[in-house]
Amino acid sequence: MPSEAKAAENFIEKPKTLAELRAEIAAGTTKAADLAAGYYDRIAQVNPRLNVYLSLTKERALAQAERVDALAAKGDPLPALAGIPVGIKDVLVMRGAPATAGSKILEGYRPPYDATAVEKLEAAGAVLLGKLNCDEFAMGSSTENSAYGPVRNPVDTERVPGGSSGGSAAAVAANLAVATLGSDTGGSIRQPASFCGVVGVLPTYGRVSRYGLIAFASSLDRVGPFAANVRDAATLLGVIAGHDPKDATSSAAPVEDYAAESDTPVEGLRIGVPDEYFGEGLDAEVRAAIESGIAALEAAGCVVKRVSLPHTRYAVPVYYLIATAEASANLARFDGVRYGYRSPASENLSAMYRHSRDEGFGAEVKRRILLGTYALSAGYYDAYYLKAQQVRRLLAEEYLRAFADVDAIVTPTSPMPAFKLGEKTGDPLAMYLADIYTVTASLAGICGVTVPCGTTKAGLPVGMQVLAAHLNEGTAFRVARAVETAQI
Amino acid sequence: MTAKVTVEDVERVAELAHLELAPEETPHMLHDLNAILDNVAELNELDTAGVAPLAQVSELWNTAGAGGLRADVPKASLDRATVLAQAPETDQVFFKVPKVIER
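Taken in order, these protein sequences are the chains called A and B.
Mapping to my numbering: the first sequence position 196 is 196, numbers consecutive.
If you count the second sequence from 1, you need to add 1000 to reach my numbering.
The shape of chain B in the complex, shown without the other chains (with noise of 0.2 Å):
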């Protein structure tokens, strides 16, 4: 969990979420995560066994809670036209994109 993190790290980690950072920007980014990743090495001295993820705090509290699921009845979203008008290119009836696929 001390793992110093590479600018091939970087880069990797870059191409996973769809970003494309400028040669200049990787430099900074990874000065910056390192001195996150050793602040968060931190963590390293709780031990954790046999401690259950919380991943949503709703489930500690036993008040009427969530609301839960709505039924499940069809009903009317919005329409085409409205949502299409927000996008950058559509052909009125599906949103356009850039070749997905080189030949």
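For reference, chain A alone in the conformation it holds in the complex (with noise of 0.2 Å):
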């Protein structure tokens, strides 16, 4: 009916558990094959409607597949995630398939090599279904600055997903995948994982290899997973965490057995709630979801302590000096020499950098480029970019000094549930200062998982932010698990 084609549709589906999906493959009871036919059915159907997916790795996904099933046939252990369909955030680069970045400058580009995390999923009998749309380099909270298109939030179609990993979230929130991998520089996993009602997973820094992903902000990246439920993304995580020798930042750290850690109950936990991230600008149904899942940690045997974290103010300061600092210096490698977009008929070096780097990248990767370069720049280095890494110290030992006293942190994972497409496009401070909530653990290293708690009146989805100290995700899983649990 023509009249109600610009109605807002929904597409939440949850997808089945790990558990589920493990037993029935290994029975033989569910094939790989069918599970992954069954999913790109399911999104030839949906993806026209949400634009979730750049491209597909079917050939690859269903290699795997077939590998899977043989395996159970013949009654073999199966690993992890065998059979699972999983999908890729375009940041992370696959062996042979488009890599775009959500950026008109790597169109074309076929990455001859995989990421890490690729690579472990798939040793793990993951099936990789595709590459999943996002804003352009990572840089935006809405993915509505993918040069393919916006993502739709599954939950309501006129509303974005958040981002930058709005693919990878709306994915797992539409079943387009049992689980997604996406990256997250200041909140590009926890934001959508919110906004589509979903689990998302920040690793400390160095958990995870970055090896493959393309860079933004180095001091800043990460590579995390999302799930429909928390012990579930704690299973992706304890896949791909792990010292890799390809990523020097990478922890030697011992990977835990997170899923199991998710599994132990909370009870006499310390958990602090920051004054600082329920003030002014915080949506009035944002606040009472999280109070009542504060309510239900409480229940659940926590002691609920108030911290102070006076610094939260600057983060979003802080944060986008040094970030696009960072990503001006990463970004300069996309010169059209060596792979992706040149643009034709230059008439010497200097204008092929500068006309290819124009038209191949979108306005908010110039604006940060421009940022970032003026804050390097000769007479503003010192003022700018050094400030700002003096003020992230102050950030990251606040936070250290807080998790002397408590286990976890709870607050919500953004001011607001999710924003209209358009509503903020015009205003990228906006569109920043809306980052105020997930920057803060992204300057500090620590870890943190974002898990649903409540809706508001008109059905959009809350997520709690749980944030532990470094390398102690296995404390962040077992207070989301207990959040989920409670059904807020």
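These are computed hints drawn from the structure, not numbers from a lab.
It should be emphasised that the depicted structure is a prediction, and the values quoted were computed from it without experimental measurement.
Note that beta-carbon positions come from the ideal geometry of N, C-alpha and C, so glycine has one too.
Heads up, a few of these hints could be off.
Said to hold, decoys possible - One side of the interface only, derived from the structure: several residues of chain B facing chain A at Cβ under 7 Å: (1) L1019; (2) M1029; (3) L1030; (4) A1035; (5) E1042; (6) Q1056; (7) V1093.
Once you've looked at the hints, go ahead and assemble the two chains, each given alone in its own frame, into the complex.
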């Protein structure tokens, strides 16, 4: 009916759990190949409305599914993610598949190698379905900055899914994958998880290798999973975490059994609630939902304590100075010489660089390159970049002190639920300020999990951010699991 | 630190970053940079004398820490043909670019 063509649609569908799917695949009642084919059918139906997948890797997925089915037929033990359909944010490379990072400048690029996280997923039996839409070079909070069109929120297609990993969050919410990978530099996993009502994980800086992640801001970038429930997200993290000789920033700390940790009751855990995250600008319905979540943790036996993180209000400026400075350096490599887009008919090398970058990059990427270059330029370096790094230390130390008194800190993930497409695109600063609750953990390098924590009256999901100290993912999963169990 | 960015600043920074802004883009960028830098000016409220800049968070925690550098052992890398296949223009040995110096 034409009159309904513009009405908001809802594509929410919950995937089966890893445990259910593994049992079916091991028993042979579900074939991994049929499962993958079923996901491709649903993608063919739903993707035109949501624009979640940018490209599909069917051949590779079906070959992997057949390997899993052969293992299952022989009765061999199956790896952790045997036959599980997983989607990959298009900032992580897969050999031979398009890798756009949501940008025109990488059009046509087919990387000749796999990201370590991709390799690890596949080694654990995952069936990789395709590449997921995102803001260009992961720069954005709504996935409206993708050169390939915005992603729509499966809860309400008139709204954004959050960003920059909007495709990764929406894919899980709409059951276009059982789980996905995203990347988080200032909130790009946690905020879309919150907007789409799924679980998103920010691992500790260095916990997951970034080899094969197209770099945005190297002192902040992390790779992490999305899933429909906390336990599955914990399982995924266990698969992709660990030291990688190809990433010098990756941690050699042993990888815990996060899924088992997530099963551990929370009784006796000390939960910090920072005053600064509940002030002006917080949507009343989001506040009420998070307060219900905190009450549920208290009911589960947690000790809730107020904590103070007074430097929080400086986090957005610090983040945008550091992230853009690093981005301006990282994005210098896109020059039309070795891969990707080259502007035709440039008279000399310098013009070729400028035209390729001007035509290849979108407005937000240019804005951030300009800001970062300005902050690093002669005469401004001390006032902007160095100052930001000093305040970054104050912010990080403030968290370290807080974690001496509490095991986890809980906050809203975003000050508001999913907003409408186009609502903030005209005002970059307003878009940046909405990252207020997520950028602090990015700057401090600590870990966190966003877990669904109720909805607004209009049915929009609210996410609680559970933060824990460095390499303390297990605690964050336990707390998130308790919130999930309480069904706020 | 509350310096107002001028059109000339935007053009200079664009040149440093090898970006060529279309004439209609410059005023938008000027407006946005000034708005963002006004917000950033809040950092001036903080006295950071004697605070060491933090470039890498891994130094903050002393668990197993970063894995460190791998041994410097030569090994095969991607072959030339695979890499050059991705380039806009090559002569099968080198990347080709337009003229570097005008005569």
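* Return the numbers of the hints above that this structure violates; sort them in rising order. => The structure breaks hints 3 and 7; every other hint is satisfied.
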